[in-house]
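J.: With chain X fixed as given, assemble chains Y, A and P onto it according to the hints.
4 protein chains.
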Amino acid sequence: MIGFIGLGIMGSRMAANLLEEGYDVMVHNRSKEKAEPLLEKGAQWAETPKELAAQVDILYTMLANPQAVEAVAMGENGFLDAMGADSLWVDCSTVHPAFSRLMADEATKRKIRFMDAPVAGSKIPAERGELVFLVGGSERDVEQARPHMNAMGKAIQHQGGHGMGTSMKLVINLMLSETMAAFSEAVSLGEGLGLDKEKVVGTLLNGPTTAPFLEGKKEKILQNDFSPEFPLEHMQKDLQMVSQSAFEAGVSLPLAHAAKETYGLAKQFGYSKDDFSAIYHFLSTKK
Amino acid sequence: MIGFIGLGIMGSRMAANLLEEGYDVMVHNRSKEKAEPLLEKGAQWAETPKELAAQVDILYTMLANPQAVEAVAMGENGFLDAMGADSLWVDCSTVHPAFSRLMADEATKRKIRFMDAPVAGSKIPAERGELVFLVGGSERDVEQARPHMNAMGKAIQHQGGHGMGTSMKLVINLMLSETMAAFSEAVSLGEGLGLDKEKVVGTLLNGPTTAPFLEGKKEKILQNDFSPEFPLEHMQKDLQMVSQSAFEAGVSLPLAHAAKETYGLAKQFGYSKDDFSAIYHFLSTKK
Amino acid sequence: MIGFIGLGIMGSRMAANLLEEGYDVMVHNRSKEKAEPLLEKGAQWAETPKELAAQVDILYTMLANPQAVEAVAMGENGFLDAMGADSLWVDCSTVHPAFSRLMADEATKRKIRFMDAPVAGSKIPAERGELVFLVGGSERDVEQARPHMNAMGKAIQHQGGHGMGTSMKLVINLMLSETMAAFSEAVSLGEGLGLDKEKVVGTLLNGPTTAPFLEGKKEKILQNDFSPEFPLEHMQKDLQMVSQSAFEAGVSLPLAHAAKETYGLAKQFGYSKDDFSAIYHFLSTKK
Amino acid sequence: MIGFIGLGIMGSRMAANLLEEGYDVMVHNRSKEKAEPLLEKGAQWAETPKELAAQVDILYTMLANPQAVEAVAMGENGFLDAMGADSLWVDCSTVHPAFSRLMADEATKRKIRFMDAPVAGSKIPAERGELVFLVGGSERDVEQARPHMNAMGKAIQHQGGHGMGTSMKLVINLMLSETMAAFSEAVSLGEGLGLDKEKVVGTLLNGPTTAPFLEGKKEKILQNDFSPEFPLEHMQKDLQMVSQSAFEAGVSLPLAHAAKETYGLAKQFGYSKDDFSAIYHFLSTKK
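Line by line, the protein sequences are chains X, Y, A and P.
Numbered per our numbering, the first sequence spans residues 1 to 287.
Numbered per our numbering, the second sequence spans residues 1001 to 1287.
Numbered per our numbering, the third sequence spans residues 2001 to 2287.
Numbered per our numbering, the fourth sequence spans residues 3001 to 3287.
Looking at chain X on its own, in the form it has when it is part of the complex:
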């Protein structure tokens, strides 16, 4: 039996793909409501993380931040003390490397194996089983999880030991956040200089200076419709983890911090729940 805790935008789609592939899956989520569609498809329900832990050999978690992971793992009715010896915990949450290593230590103390396996890709790739897993852990653990990850994703990139999957995830989200902000500045500048917005967006997307993922943000920017795929407040939170990890590594990131504070100001002006591409709307405001 596979366990899955955390059924938000990402987790619900990932667990659905496991079910579809024919796996037995037991799920838990803070609010049971979000589990209902999965239960209808045959998933089993556990009332608490602890209860779930006792019945699975491998457990996936997909949660919002380190605090949420820690609470579910080690808080009241947490799963960590209830997992069987030599079972495997795969944390797919976006956290920071020091936290992944801390969780690895806590697991190891209890003779449980641990792997950090955050994913690249958001809502649509999660739905289509096209995520990319960025993995930190041992070869043995990767092999055990490989069939499940193949059900949920299209690629598995083994980056190294504990924390290395998480490290690569932060690198990617750094790139994502800065590139989104750069594109927003470029379009905003173009409009300010009198260019046609659609022309600017088109010229940039067709040229070599613009990352492919921005094609997916095109309509949001042209229509000023920022319904969330990846909420702005999550991106800003990830940048804070980048900041902390970069500090610990002795690496300076001037643009990442300019981006972080700009997303932060956007949050203060009400864009928290919008897609992170709403940074464009914040930057091009004229009152």
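Treat the hints as calculated values from the structure; they're not laboratory data.
Any given hint could be a false lead.
Claimed, not checked - Here are the simulated lysine to aspartate or glutamate pairs, EDC-like style, with alpha carbons at most 20 Å apart:
#	chain 1	residue 1	chain 2	residue 2
1	Y	Lys1273	Y	Asp1196
2	A	Lys2286	P	Glu3191
3	A	Lys2273	Y	Glu1248
4	X	Lys109	P	Glu3076
5	P	Lys3111	P	Glu3143
6	A	Lys2287	P	Glu3219
7	X	Lys154	X	Glu127
8	A	Lys2034	A	Glu2229
9	Y	Lys1287	P	Glu3233
10	P	Lys3197	A	Glu2248
11	X	Lys154	X	Glu21
12	P	Lys3286	A	Glu2248
13	X	Lys154	X	Glu248
14	A	Lys2109	Y	Glu1076
15	Y	Lys1111	Y	Glu1143
16	X	Lys286	Y	Glu1143
17	X	Lys34	X	Glu51
18	Y	Lys1154	Y	Glu1191
19	A	Lys2286	X	Glu233
20	X	Lys273	X	Glu219
21	Y	Lys1109	A	Glu2076
22	P	Lys3287	P	Glu3191
23	X	Lys286	A	Glu2233
24	Y	Lys1034	Y	Glu1051
25	A	Lys2050	A	Glu2020
26	A	Lys2199	P	Glu3139
27	X	Lys199	Y	Glu1139
28	Y	Lys1197	X	Glu219
29	P	Lys3197	P	Glu3219
What the hints assert, rightly or not - Residues of chain A placed beyond 12 Å of chain P at every Cβ, according to the derived structure:
#	residue
30	Tyr2023
31	Leu2039
32	Glu2040
33	Glu2047
34	Ile2058
35	Gly2129
36	Arg2140
37	Leu2170
38	Glu2185
39	Leu2189
40	Gly2190
Backbone N, C-alpha and C define an ideal beta-carbon position, used for all residues, glycine too.
T.: Relative to chain X, chains Y, A and P alone:
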């Protein structure tokens, strides 16, 4: 007869493509030395911009910055007062929109037509005739220059009236400079977190968060060899023009300015003449 | 006869102090309305800068920016061609050093003497005759203007040749703008951490980390009343001149540019006409 | 008996003032060497924090960062489990508010009282007993510690409950770090524009735009001698705590982060152990 003034890295390759296509070309450059390879291929030489102006119907300029353009156009022995009525000046230099419009006014006063036509693409595309022309001017002017631009480039994007080609060029260079800096921060962070440099570069280049042009910077970053295609000091100069134009347009660009000052610090630490990807080397310095 | 052109917040108060000291003053301003109080006190009116120029030996200008200075000096009915040989033009406007030197050159060509003499101090010091003059020019010119500057100010600091007064003025406004922004961030952080706003402001103002001028911003910040002494948009404009001058000098200023873009965003959100201390209000917004 | 743990630049001077005032003091430090001068003046030595805890009613700690505090309090041979019921722990270290509150909770669980009391002032004020204590805790705790704090400082500012002393300390260090960087940029700009360095420094220090503490940095900047009073790497570490606390409070600080990354770059270029005013030297480098 076509005139061409400014035979640097870009201009020499552009003029060579005109010659190859069979056009009669008269050239001028501050130092005659750089013109020699073109003269051997059949180009004619003019001692001064003024002398050249009297003998051509259409004149292309490709110079380092607004000051250089102004000097060649309106300084001693400048071409502008010597051009024939209804002749066409096409300025391919990277300048700022207000300057392009100023030149358009100066030309118009003298009954000369003007078009701003800066290019996207650096050394290699210039050589291969694969530049993209970003054009600001009238339909008639675009049509007259079209065959020449086709000889030097692979696409012509007409953005609007005077200054609009230049505007789009600044938008593209903004994107280029920020994306290069973002990539440098991402690789630097990855290394700081203990990831393998080659793995980080590879993972990013194969993912959707990374602009295609960075493939061309891969070896520079992996080998720490920053021989210039687009010198860092030119990128920083372009960012200063972005800054001035954005100010005039009432547009704030927090990341662009963080980038500008980071390139500026790199300049202070000796990277002026290196390729602008040397920003990676500056950012990842550990003494 | 002394000439005075530019009767805004600063200029009107400066000219009034000259009158009070018993000098004959001839004034001009774009709108005559603002001159009325001075005319009542005995000033004479000139319809144009040109008309004024013919009747004075020394001419003071106090205008909003380089463009305004250039228009009044060299535009239609400008004063520069009408000034008598060996007369003295003292420009008190806040401009950038390259512009001051350009004006010095234009004056010298016409056998007119030039001095840049921008002032430190805003509305209240202007009223009380307590400005500090930052002067770039020759000893002889300083001596001729000294009695007037003493009537309008409390100190004269001769910084060097043409452009050096303006250079020091930019240095001071850089300091002013960053310190105001730093104080705003500090108060905003304190409030965010749950400290009492008045306590934070008091503790900072009584400690060694806080510049004396901030005492004068205390009530604005405590009362959230940002009636202008020095409008935010002027500060942002000065920072753009700082940016351009620093670029020309090869000096990188990461905080100054972060400040410039933050004031710029505040402008976009409607704070242009408020005092520049309104940057606090922008930064502490929570929607 | 008073306990004192942490005898670095600050702690050694603070403990010396307690001894001078006639108090019985028992000290501990990671390396005993640094305790020798105090032992000669009559202080007693404890081999471990735990051993010390059992013999004092009130315990002061002055350590480098949260990790050091946590290790000494709760690591092997930590003091927290060994302190008597109702005894008082006063933490003078610069940490972040969430950490102070965490320590308060850990203390409270063990029926020990806690007060955060970081200080404003560095080496010289510590020596002269002129520190300012920024205090978070109960009235009763403040009263018990008041005589000691009076021996070590000149003022006690009670900011509120647990964490509020620490909060104010971060606010002050934010102000300090940005103001130092702003001054460095101003001097660097002045020199770049051709002004005399001494004149720039003098003009700024005599004007209202410059914080009093900068008088104490004057000679360092004029002589390019950056022997440490407050090491640059500590300031950068404090800015990281500011960053984390501001994030938790939902407050954006664009300049503070530009400062943090600039200090960070200076660290990468070898200025870690210099005084934090060495940011001037980094910024004005020209290679």
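J.: All hints are to be evaluated individually against the structure, with a verdict given for each.
T.: Hint check results:
no., hint, result
1, Lys1273/Y - Asp1196/Y, "28 Å, violated"
2, Lys2286/A - Glu3191/P, "40 Å, violated"
3, Lys2273/A - Glu1248/Y, "17 Å, holds"
4, Lys109/X - Glu3076/P, "18 Å, holds"
5, Lys3111/P - Glu3143/P, "19 Å, holds"
6, Lys2287/A - Glu3219/P, "46 Å, violated"
7, Lys154/X - Glu127/X, "12 Å, holds"
8, Lys2034/A - Glu2229/A, "17 Å, holds"
9, Lys1287/Y - Glu3233/P, "14 Å, holds"
10, Lys3197/P - Glu2248/A, "18 Å, holds"
11, Lys154/X - Glu21/X, "14 Å, holds"
12, Lys3286/P - Glu2248/A, "14 Å, holds"
13, Lys154/X - Glu248/X, "32 Å, violated"
14, Lys2109/A - Glu1076/Y, "18 Å, holds"
15, Lys1111/Y - Glu1143/Y, "19 Å, holds"
16, Lys286/X - Glu1143/Y, "37 Å, violated"
17, Lys34/X - Glu51/X, "18 Å, holds"
18, Lys1154/Y - Glu1191/Y, "38 Å, violated"
19, Lys2286/A - Glu233/X, "14 Å, holds"
20, Lys273/X - Glu219/X, "18 Å, holds"
21, Lys1109/Y - Glu2076/A, "18 Å, holds"
22, Lys3287/P - Glu3191/P, "15 Å, holds"
23, Lys286/X - Glu2233/A, "14 Å, holds"
24, Lys1034/Y - Glu1051/Y, "18 Å, holds"
25, Lys2050/A - Glu2020/A, "25 Å, violated"
26, Lys2199/A - Glu3139/P, "17 Å, holds"
27, Lys199/X - Glu1139/Y, "17 Å, holds"
28, Lys1197/Y - Glu219/X, "35 Å, violated"
29, Lys3197/P - Glu3219/P, "12 Å, holds"
30, Tyr2023, "27 Å, holds"
31, Leu2039, "33 Å, holds"
32, Glu2040, "33 Å, holds"
33, Glu2047, "38 Å, holds"
34, Ile2058, "25 Å, holds"
35, Gly2129, "16 Å, holds"
36, Arg2140, "21 Å, holds"
37, Leu2170, "7 Å, violated"
38, Glu2185, "5 Å, violated"
39, Leu2189, "5 Å, violated"
40, Gly2190, "4 Å, violated"
Violated hints for the displayed structure, listed by number in ascending order: 1, 2, 6, 13, 16, 18, 25, 28, 37, 38, 39, 40.
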